[in-house]
Amino acid sequence: MNRSKIVAILTGAISILLAVAYLIIVQLLDFRGEMKPAPISQINQSMLVAYIQSP
1 MNRSKIVAIL TGAISILLAV AYLIIVQLLD FRGEMKPAPI SQINQSMLVA
51 YIQSP
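Numbered per our numbering, the sequence shown spans residues 1 to 55.
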């Protein structure tokens, strides 16, 4: 086998492994259930006011 064929096979194998890992991660995240936003009362609502005085 020449070097370019080995690199092509290795690249393909890495690509397939990354694709399978991605699918597993997506399935695990989807298995956790519906994502619900945090209640409004629990969110810390703070305001920042900036005043810039120009000469």
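Quick caveat, the hints were computed from the structure, so don't treat them as lab data. Heads up, some of the hints might be wrong.
Unchecked claim - Pairs of lysine to any residue residues, derived as SDA-like cross-links and limited to a Cα-Cα distance of at most 20 Å, are as follows: (1) Lys5 - Ile16; (2) Lys5 - Tyr22; (3) Lys5 - Ser15.
| In rising order, the numbers of the hints this structure does not comply with | As far as the earlier hints go, only 2 is violated by this structure.
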